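As a plain string of letters, each chain reads:
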Amino acid sequence: MVKSPEEEHPQKAFGWAARDPSGTLSPFHFSRRENGDEDVTVKILYCGVCHSDLHSVKNEWGITRYPIVPGHEIVGIVIQLGNNVKKFKMGDRVGVGVLVGSCKTCETCQQDLENYCPSMIFTYNSTSQDGTRTYGGYSDIVVVDQRYVLRIPDNMPLDAGAPLLCAGITVYSPMKYYGMTEPGKHLGVAGLGGLGHVAVKLGKAFGLKVTVISTSPNKEDEAINKLGADCFLVSTNPEKVQAALGTMDYIIDTVSAIHSLGPLLAMLKLNGKLITVGLPDKPLELPIFPLVMGRKLIGGSDIGGIKETQEMLDFCAKHNITADIELIQMDYINTAMKRLSKSDVKYRFVIDVANSLSQ
Amino acid sequence: MAKSAEQEHPTKAFGWAATDTSGVLSPFKFSRRETGEKDVRFKVLYCGICHSDLHMAKNDWGTSTYPIVPGHEIVGIVTEVGSKVGKFKVGDRVGVECMVGACHSCDSCDNDLENYCPKMVFTYSAPYHDGTTTYGGYSDVMVAEERYVVRIPDNLPLDAGAPLLCAGITVYSPLQHFGLTKPGMHIGVVGLGGLGHVAVKFAKGFGVKVTVISTSPSKKKEAIEHLGADYFLVSRDPDQMQAAMGTMDGIIDTVSAVHPLLPLIGLLKSQGKLVMVGAPNRPLELPVFPLIMGRKVVAGSCIGGMKETQEMIDFAGKHNITADVEVIPMDYVNTAMERLEKADVRYRFVIDIGNTLKSA
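These protein sequence lines are chains F and H, in that order.
Under UniProt numbering, the first residue of the first sequence is numbered 1, with each subsequent residue one higher.
Under UniProt numbering, the first residue of the second sequence is numbered 1, with each subsequent residue one higher.
No lab work stands behind these hints: they were computed from the structure.
Being a predicted model, the structure only gives us computed values, none of them experimental.
Careful: at least some of the hints might be erroneous.
Computed cross-link-like contacts, BS3-like style, restricted to lysine-lysine with a CA-CA straight-line distance of at most 30 Å [claimed, not checked]:
hint	chain 1	residue 1	chain 2	residue 2
1	H	Lys38	F	Lys176
2	F	Lys269	F	Lys58
3	H	Lys307	H	Lys209
4	F	Lys307	H	Lys269
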């Protein structure tokens, strides 16, 4: 007989879950596995609210199994160590991102690209190797194989560092892979939300000129004066778009709403790269002529491997890069989700789990 | 008063031109410039018929200037060279491809990528530096600046070598640029026409495994036995496509009709690259999820620079790669265009200019 979420594992756990496609979250009792030899148990202090959490609780991608405990920007403190764990010690400040497992033996795993492993296990809404479902960070504890645990650098605040575990690596990885880091080059960042604002900060840290491309004119002041972008263009303004044609070496497209790729491609120089990291729920229109005539490319990227995630955290700590966050209580989460669906947040909600998740 | 095509230049020339969007070609008298100090003049012996010639003759892209003398896979024998020409002499076997000019001062030109120069001049139907319109290779004589002339290796037959000047470079350039030439890689070629069949030959020349992806099962035997492809996938067969998912490092897509990208993206391995060299005239649907989940790329490529074109043709000479051609007389050209529209050719028509283009 199938055990309930409360009974399937030996350690009690508590969190908030969505139980149906309304996406409304509410208190949920479940359980975590015993801490095995390779495992680390983390007392969760903060968890970022990623737009993927919203897509998932509402089953917008059609792959959600309820009940679902979202949250894959998890930070906290080590409270238990398995016998084989040497990398961490009790009390270490650690994080868990989007992945908690992979096959470890395929070519991609061996290249430290667990994020492209065909057997990759997501932090929530996935099936673990033992057949049980994974539950994410809107909860009090999590037990994770040490391979998938990150160290949070000492000088990085935990709350503002949490979103880097998904938003940060999601833009850092393609910036490195597609060579978008040559000082002096021109980066466009389409969309100024959780991903976009971190991309601006990373772009400046790499020494790039950064232009934000957005549909919201009211984001300009902050983009330039707070985030450090060099230019801001409103993509629905034809004159501004015209002036930007053929000026960018690369563009990171963080927008998950349906949008036209034509204007973005046109803003690229010859050999320019448009990298898409947003996840629209329908295909986008791709005009082929501009790709052919300018030898341009459009590429995708999905988070990053664990080694690269650690590298990203260390890079951010060195450059004092964190996310801009709005810290919320656990019971604010449903309101936060509604605001997130209207992009009403600058730029990431982070749940103060330790201080507000109470049974 | 604007001079007529016959009078605008000092030396007589003769060819076949389309005069309206019907695309029907007929005899046409015009003229070529004198051989300038950097120019190479050659007697045209053969000219390949590229699908672009058909599009341009009918003004499908809205950029044609009539009368239009198509042809950008032009080969022949040098008859005169300008005083500053160092690379060629009279009697050399040479060719001209899709371009006859560029600005020579931009980044692209400085990097031997004249094909991406914003001021690149097409071999036909384009405004040249002197204000006249360029005329292509369906003609008896060609004059081009030395920079835009390539030497045809001695061992390559001129007729079967001509299509390499467009079809060849169009597939060779992206195979190289996108790193799809490492022995042991698995490359897909979508579409088995003028571009596709040459892509198979070049890919095999690089030592990669090649799968042809086609809608026509009837092309399988020839793809495998004659062109040397390792496998053949019928893209309309879901079982065959499913079995090949995630197996290819790269795919060269030569199809210019509108077609779905999702199955092709699915054929790529993680980090694989789908390179478009055909240019459908409407946007295609791009499914973003599979691109992201596999860190895959969709890219485009357009012919190649002159240095690369010479490199390509030398590679072809070394590996005995030529196009499969049907040589036709000049006056067959309209029928050839009709057949080309129905993809009824294996795999390129080449006009025997030297023997069949007769002035009126």
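| Hey, Lys307(F) versus Lys269(H), does the alpha-carbon distance stay inside 30 Å? | OK: Lys307(F) and Lys269(H) at ~22 Å, within 30 Å.
| task | For the pair supplied as a hint, Lys269(F) and Lys58(F), confirm whether the alpha-carbon distance does not exceed 30 Å. | result | Violated: Lys269(F) and Lys58(F) sit about 39 Å apart, past 30 Å.
| Taking 30 Å as the top limit, are the C-alpha atoms of Lys38(H) and Lys176(F) close enough? | violated (45 Å)
| said: Does Lys209(H) sit within 30 Å of Lys307(H), going by the straight-line distance between their CA atoms? | reply: holds (27 Å)
Hint violations for this structure: numbers 1, 2, all remaining hints satisfied.
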